[in-house]
Every structure is written in structure tokens, then in C-alpha cells.
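Mind docking chain G on chain Y? Use the hints.
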Amino acid sequence: MRGIKVKVNAKESSKLSKKNINNIKKKDENLIFYTDESGIKDLISEIENIEYENILKKRIKYFFQKHLITVIALIIIVILLINQSVAITEIRFINYNTYDENVQSFLENKLKKVGPFYYLDDSLNNINFEIKSEFYDYEWISITKNGAYLDVDIKKQKVPGFEDVDDGIVGDYIASRDAIIKAYYVKKGIIFIYESLYVSKGDLLVSGNLKYHLNEIEYIKPQAIIIGEVLEYKSIKVEKNITRTERNGNLIIKNHLSLFNKPVFSKSPNETETEKKDVLNILDFIKIQKSYYYEVEEVKINYNYDEAFTYAKSLIRKEFPDNDYEKIIFMKLVSYTEDDNYYDFKFIVKKHENIAQFVPYNQE
Amino acid sequence: MKINNKIKLTIYKDDKIVIENYQELKDISETEILVDIYQIQGTFLKIKKMDNYMIEILGTMSTINIVK
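First to last, the protein sequences are chains Y and G.
First residue of the first sequence? That's 92 in my numbering, and the numbers climb one at a time after it.
First residue of the second sequence? That's 8 in my numbering, and the numbers climb one at a time after it.
Chain Y on its own, in the form it takes in the complex (with noise of 0.2 Å):
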């Protein structure tokens, strides 16, 4: 690279003999022209009258004059965008009805202060190794960096058919069935039951009456799952013949196109069940919809007896909630009649389920 120019008398050009050299150029009663760092050696120990400049730091020179106060902006811009990337201006607890104020000075003590800006004293990972070893009874904790802010994720414990929703209907738990109480979770209310008390249908299982004990009233809303063992009959009468309406596998796919929401050279076939995805919709004006019509048969079906028999337990099964705190028990047949048309079960069943039933206290 030629990166100095220098300027000579013209009358000193067969000095410039045999020495590497660019762009010769007479201007008035000079040369000028472009060299290197050996050459411009050579040029200075020959030539006395010799002016020459580095055209690199020139330029940078000339950039710097020019732009100083750009590029002193740039370079606080830059430096803020690092630092924001950094520091911390916020701790969010990112989902709903999850603020702790003991995670949040634990992590406002991991923090150290420089100037108006906070950073964190450590690694995120240890950090979060750390808080999830102190606050082991969360489902889930962790943090992570998003810009300036600090999120905390936490996830509760689940307790299935207890919500923690304060509606601020004030009331009581009453029991909604006769049962034995086989266990219970209360986070809020005064408790009036204990493991294997026999309850009625209607009894006060949990009251929201935070003064019950001194005449008085101060209601809240209680929040518990109280689980009893409940014995039941359940009747299930199962149709010997029936006809349902089913799809036989068949499957017809058309592409349809649609002008102005109004469908184009389009003819459905007789199949009923139908799904439409969009292939193609610009802004309603032009759509392309894939159509999937399934076709679909009478089919019918006569039950036997053990048939009829499995299909009845399956029933109370189905209509019975599936977790782990409520589960049936046993189911036995009590009885059985059968006519013409239809099979009768009559079962005894046993389970467990939440058996507190929400009953708002009435003011007046």
C-alpha cells in the first residue's frame, strides 16, 4: 500500500529514479505522488526539499475533527447499551399472583451497587442454583436476565380442585354429602374436623368466620379440598339396540376457492362431517380452504349382558374426576333387572372425593 504522499520541486525528478512510486502527477512547479515506508527513507536521505504526510493518519485525523462529537455520542450510546445489558434496573415476578417478598430480598441481597447502576454479585447460574435450594417448596423458582430487568418464574404447588382465588365472596365449607373425613388441605378458614370424624350432608367443615370463637363476625373466604369417603348407589340403565351415527374411514380432501368470502365453483359432496384449514387468505378477499369431508354410517350396536354390564362401570367411571386425591374405592352390583329394551345396574360405589361445598354467608 502506497500510504504516504509526497510532494518534491519538479527539478529533483531524476532523483525519483528507479524508487517504487505511484501516481506521479505535475502540479505547478511540484511532483506529487504516493510511496511507502522504504521509499519515503530513500526520498528523505536524497532529497532536502521534501514535504511528505501519512495519508492513513491524515484521514483518521480528519475523521476525528469532523465527527468528534458523533462519534464520542456512539461511544456513550455504546457503552450504555453494554452497561443496560448488564446492570439490573428491576426484579419482576413474571406470572400471575406469584410476589414473595423473601425471594425478593434475597435477590436484592445478590445485588451490589456501582453509581446508580445494579449488578449482579454472581453468576446467573449460581444464583439460580441457589434460590431454588432455599426456596425448595416452590414447584418451580428461577431467574433469568431479560434487558434490564430481573424475571422471577415461579410455579406454586398444584393442589388438584383447590384454586386459589380470592373472589371476596365471603362464606363457609359445608359438608355436601355424608362421609367420613379421610383427609383435608385448609390454607385459610378455622377448621372444625379431624382425620375419620364422621360428617353429615350440610355440616360446618370450614368456616370463613375468622371470630367465630369470640361471638363475633369477621368473614373471609375460606380455601380448602376436604376429601371423604362417601358410599353411593348409582342406577345405570344401558339400551340393549342402539343406532349411532359414526365415521366409517372414508375421507374425501377438496381445495376450495372463495371470492369475497363467497365460495367459487364449489360443489360439497354428501358427507356431513366436515374441517376446513386455509391454505391460502389474503385479507378475506381471496381464500384457498383445504375441506375435509369424512363420511360417516349408521351403525348398529347390541349389547349382551357382560357388555352392557362393562359399559355401566365405565359410565360411573367417566362421570367421576380423575386426580390424585379423589379415586373410586370399589364398585359392587347390587342388583340387576333386564326387559325387552334395556338392562338395569344398580351399583354401590366407595370413593373418596372433595366433599366441602362453598356456601356464601348471607348478611342480612
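Read the hints as simulated data drawn from the structure, not as lab findings.
Quick caveat, the model's predicted, so the values are computed rather than measured.
From the three backbone atoms N, C-alpha and C, an ideal C-beta is built for every residue, glycine too.
Any given hint could turn out to be false.
[What the hints assert, rightly or not] Straight-line alpha carbon distances no greater than 20 Å define the calculated SDA-like cross-link-like pairs of lysine to any residue that follow:
1. K116/Y - N59/G
2. K118/Y - F51/G
3. K116/Y - D34/G
4. K204/Y - K223/Y
5. K56/G - K437/Y
6. K109/Y - T50/G
7. K96/Y - E63/G
8. K148/Y - N113/Y
9. K106/Y - K53/G
10. K106/Y - D43/G
11. K56/G - K423/Y
[Stated by the list, open to error] Computed footprint of chain G on chain Y; a stretch qualifies when at least three of its residues, placed anywhere within it, have a C-beta under 8 Å from a C-beta of chain G:
12. 104–111
13. 211–223
[Unchecked claim] So the derived label-pair ranges between C-beta atoms look like this:
14. I160/Y - E31/G: 26 to 36 Å
15. L165/Y - T17/G: 44 to 54 Å
16. V162/Y - E31/G: 43 to 53 Å
17. I160/Y - D34/G: 40 to 50 Å
Chain G in isolation, oriented as in the chain Y frame:
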């Protein structure tokens, strides 16, 4: 590449001359460049590149004289 000591002048069309094995650049202006025995006349003449072996001259050439 230097193969002997004889000066050599090569013309490429009318706008480029390369002189090899030169000894001295004697004079230079926009209308005339003098290298050893060759006096090149024309307009907008300039030396594009020069080293210890060759000189490359660009511009519109009109005459090449041999002077002694």
C-alpha cells in the same frame, strides 16, 4: 524481469507505454516525459507506476522522440 541491460519501450495502444531497464527519469510534465533517450509527448501524461526496473506511463500519446 531483468534479462539484460538494454532499455526497452513497449506501447499498448495509444494510451500506455512501459519502459523497462530505464536508468533515469529526467523530466516530467503533463505534455512531456523524458526517460533516458525517450522523449514522450502527448496530453494528460502521468506516471502510473515506477520502480527500480520499469516505468508505466498513461495518457494520450502523440509522439515518441529519441534524443541524445
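Comparing the hints with the structure gives:
About 19 Å separates the Cα atoms of K116/Y and N59/G, which keeps this hinted pair within 20 Å; it holds. Restraint check for K118/Y and F51/G: the C-alpha separation of about 12 Å stays at or below 20 Å, so the hint holds. For the hint linking K116/Y to D34/G, the alpha-carbon distance of about 12 Å falls within 20 Å, and the restraint holds. The suggested pairing of K204/Y with K223/Y is violated, with an alpha-carbon distance near 24 Å, which exceeds 20 Å.
Proximity of K56/G to K437/Y is assessed by CA-CA distance (about 111 Å); at most 20 Å being required, the pair is judged violated. As the CA atoms of K109/Y and T50/G are separated by approximately 24 Å, the hinted pair breaks the 20 Å bound. Taking the CA atoms of K96/Y and E63/G, the gap is near 19 Å; set against the 20 Å cutoff, the hint holds. A hinted pair counts as satisfied when its Cα atoms are at most 20 Å apart, and K148/Y with N113/Y qualifies at roughly 19 Å.
Distance hint between K106/Y and K53/G is fulfilled; the C-alpha atoms sit about 17 Å from each other, no more than 20 Å. Between K106/Y and D43/G the CA atoms are separated by roughly 13 Å; this keeps the pair inside 20 Å, and the hint holds. For the hint linking K56/G to K423/Y, the alpha-carbon distance of about 108 Å lies beyond 20 Å, and the restraint is violated. Three residues within the 8 Å Cβ limit are the bar, and the segment 104–111 of chain Y against chain G gives 7, so the coverage statement holds.
Look at the segment 211–223 of chain Y against chain G: 0 of its residues bring a Cβ nearer than 8 Å to a Cβ of that chain, fewer than three, so the hint is violated. Range check, I160/Y to E31/G: about 52 Å between beta-carbon atoms, so the 26 to 36 Å window is missed. Remark: the range hint 44 to 54 Å for L165/Y to T17/G is upheld by a beta-carbon distance near 52 Å. Between V162/Y and E31/G the Cβ separation comes to about 48 Å, which falls inside the hinted range of 43 to 53 Å.
At about 49 Å, the beta-carbon gap between I160/Y and D34/G stays in the expected band of 40 to 50 Å.
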